[in-house]
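Protein sequences appear in the order of chains A and B. In terms of this note's numbering, the first sequence is residues 2 to 369. In terms of this note's numbering, the second sequence is residues 2 to 369.
It cannot be assumed that every hint is accurate.
If you only want the chain B side, here are some residues facing chain A, beta carbon under 10 Å, derived [to be verified]: (1) G33; (2) R35; (3) V52; (4) P68; (5) P212.
These aren't lab readings, by the way, just hints derived from the structure by calculation. Please read all numbers here as calculations on a predicted model, not as lab measurements. Built from N, CA and C at the ideal position, the CB exists for glycine as well.
There are 2 protein chains.
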Amino acid sequence: MADPRYTDLVQSLPATVPFVGPEAQERAMGQGFRVRLGANESVFGPSPDAVRAMATAAGDQWMYADPESHDLKAALADHLDVTPAHIVVGEGIDGLLGLLVRLLIGPGDAVVTSAGAYPTFNYHVVGFGGVIHAVPYVDDMEDPESLVAKARDVDAKLIYIANPDNPMGGVHGPDVIAEMIAGLPEGAVLCLDEAYGDFVDDLLPLELTHPRVIRMRTFSKAYGMAGARVGYGLAHPDFVRAFDKVRNHFGMNRASQIGALAALQDQIWLGHVKRDVAIARDRIGAIAAAHGLRALPSATNFVTVDMGGDGDLARAMVAALGKRGVFVRMPFVAPQDRCIRISAGRPAQLDVLEEVFGAALAEAQAAK
Amino acid sequence: MADPRYTDLVQSLPATVPFVGPEAQERAMGQGFRVRLGANESVFGPSPDAVRAMATAAGDQWMYADPESHDLKAALADHLDVTPAHIVVGEGIDGLLGLLVRLLIGPGDAVVTSAGAYPTFNYHVVGFGGVIHAVPYVDDMEDPESLVAKARDVDAKLIYIANPDNPMGGVHGPDVIAEMIAGLPEGAVLCLDEAYGDFVDDLLPLELTHPRVIRMRTFSKAYGMAGARVGYGLAHPDFVRAFDKVRNHFGMNRASQIGALAALQDQIWLGHVKRDVAIARDRIGAIAAAHGLRALPSATNFVTVDMGGDGDLARAMVAALGKRGVFVRMPFVAPQDRCIRISAGRPAQLDVLEEVFGAALAEAQAAK
Chain A
2 MADPRYTDLV
12 QSLPATVPFV
22 GPEAQERAMG
32 QGFRVRLGAN
42 ESVFGPSPDA
52 VRAMATAAGD
62 QWMYADPESH
72 DLKAALADHL
82 DVTPAHIVVG
92 EGIDGLLGLL
102 VRLLIGPGDA
112 VVTSAGAYPT
122 FNYHVVGFGG
132 VIHAVPYVDD
142 MEDPESLVAK
152 ARDVDAKLIY
162 IANPDNPMGG
172 VHGPDVIAEM
182 IAGLPEGAVL
192 CLDEAYGDFV
202 DDLLPLELTH
212 PRVIRMRTFS
222 KAYGMAGARV
232 GYGLAHPDFV
242 RAFDKVRNHF
252 GMNRASQIGA
262 LAALQDQIWL
272 GHVKRDVAIA
282 RDRIGAIAAA
292 HGLRALPSAT
302 NFVTVDMGGD
312 GDLARAMVAA
322 LGKRGVFVRM
332 PFVAPQDRCI
342 RISAGRPAQL
352 DVLEEVFGAA
362 LAEAQAAK
Chain B
2 MADPRYTDLV
12 QSLPATVPFV
22 GPEAQERAMG
32 QGFRVRLGAN
42 ESVFGPSPDA
52 VRAMATAAGD
62 QWMYADPESH
72 DLKAALADHL
82 DVTPAHIVVG
92 EGIDGLLGLL
102 VRLLIGPGDA
112 VVTSAGAYPT
122 FNYHVVGFGG
132 VIHAVPYVDD
142 MEDPESLVAK
152 ARDVDAKLIY
162 IANPDNPMGG
172 VHGPDVIAEM
182 IAGLPEGAVL
192 CLDEAYGDFV
202 DDLLPLELTH
212 PRVIRMRTFS
222 KAYGMAGARV
232 GYGLAHPDFV
242 RAFDKVRNHF
252 GMNRASQIGA
262 LAALQDQIWL
272 GHVKRDVAIA
282 RDRIGAIAAA
292 HGLRALPSAT
302 NFVTVDMGGD
312 GDLARAMVAA
322 LGKRGVFVRM
332 PFVAPQDRCI
342 RISAGRPAQL
352 DVLEEVFGAA
362 LAEAQAAK
């Protein structure tokens, strides 16, 4: 009996996945990690108010969520000083990136990103048949000028930049992003991924008047709710409305909607998290420095540490830390792959990192 | 400044949505419904074990879910006597239907369903450019013979049938479905939506050897977790693997995965729900009969009541019940739209239904 008749596009797709989860690594190792500092989750967790709200909502999970996310959008609009019509809520930025790509990209359409930027974005672009044109990082930063120039060259329909950047942690100032938007080629949409934007105090103001700029935000990072899958896009109302043509209207989790609303309303908790993250960044930098390694400046809840070698050394270090119970990740593409990336941890977790760092480094260097 | 360059397909899509949520209706009315019996949710809720598991997991929502849903798939495999390789877990059947359509359907590809069957399936088909060929219900049942014959005629790549059926509630016996599968045209995939299958004791056994049959199941109905967004597909492992090319790997909600696992392990609760649903169905049938109306036989957690008129009468009845605080829905397409559809409720909720039914009916009949 013959197989399903998959589309030509699907037949051409690789079976690879963007990331292997830490749980799969744990199953392969036959034991759990002692500390989980690889996925840029917030170990500081959600606001206690959000935890309580989600726990209380557990008994009401028999109801579908409001498909319009009315209350959450209203609260976000109030908090951000925009209108609900400027907001599309979705199942994390990953889900929204998939929809964004689907709205714009068909087979052969050009998309511009940086070599080594967010792999899940590329996964979606490839999944809809787009052609990725990648420009290099410059000084470990995504480079707006090269992105825009390349987009002009290839007539890109979509440009991706993360600011602050993942996996390198740097941030461009608002003036740089404003200039990038001002220079946006006529046919290109700019996806400005601000997943880590809540860690930064001077983001570009939210004007949302440009018809081809969308800014992605999330409750997964600073708000500590990665497992809850709540992200949102901020854009011109016409652009927001386009998502209604393709989104999964009843796709939101009800308890997550309620939890996100509670998290947003606890800005004091967010302040605590930002302070604890800053302390953790300093500590990770100090651990690296104690071993003669340089931590890159970070505007996020992770620190990227230059191992001072090549990708093999960094891979060996990720493996050596993993063996010692510390889950971290690393950039995929050279020259960024000379680094490892460590999420901000609590003091006790960073004690474990500190405790094993030297031995792991020695093993990684010996393996070279 | 010009708009985003949407794909031709997206430009052609209507801005309509499959359903309006009850919350939007409540906002329009300026007051809440007294009882919510319109979305085929389970008012009996999730297993208390599942509620406890989700509440406990709320504090751990800082972690992404396992992208492989390993533990949930292992438990499902054990429960269903298949292997984890036969299972794809996704964000509700709605999410999985979107992926299924994306795998198979491109612009112009033929898809067969029944006129008035699940609108969200059609939404996905249209969203990927598919052409829907709809055959009529026969005696208020989807008709496997017409579906297969039409699929052969139009060289369909995908056939949809829900068994038990939504919105009419009937069920075909396993022999009828087996025959449908045996007669499946060579190029067609059969999507057998068994969202309500947990209410039925004699479903077709799970052989999962056919390369072009996928059976959709969910925790949204009998397990009472619609808001948690956990569905799964059962199919040949090759077919399951294709979903890995397009699914949102980190899209599952962590607490929902844990809750679904707990729900599955509480089959005693499922038994209670089935018993309570059967009692509620009888009660709804009796309320209808007391007003001279006929309830259709139901194998689900809702009862479809023939109003004995046309779509206008049924629409007037839905509105009249809504005004009195009772949220119900109705089929969209004639001749099924002569009916209204009422979800199983608790005794106190059905007391409200009974209390207002006569006045609502009189108002609906007068409005004609």
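Hint check:
1. Taking 10 Å as the C-beta cut-off, the interface hint given for G33 (chain B) is violated, the closest approach to chain A being about 12 Å.
2. A least Cβ separation of about 15 Å between R35 (chain B) and chain A goes past the 10 Å threshold, and the interface hint is therefore violated.
3. Taking 10 Å as the C-beta contact cut-off toward chain A, the hint placing V52 (chain B) at the interface holds, the least distance being around 5 Å.
4. The beta carbon of P68 (chain B) comes within 5 Å of a beta carbon in chain A, closer than 10 Å, and the hint placing it at the interface holds.
5. Of the supplied interface hints, the one on P212 (chain B) holds, with its beta-carbon coming within about 5 Å of a beta-carbon of chain A, less than 10 Å.
In this structure, the earlier hints numbered 1 and 2 are contradicted, and the remaining ones agree with it.
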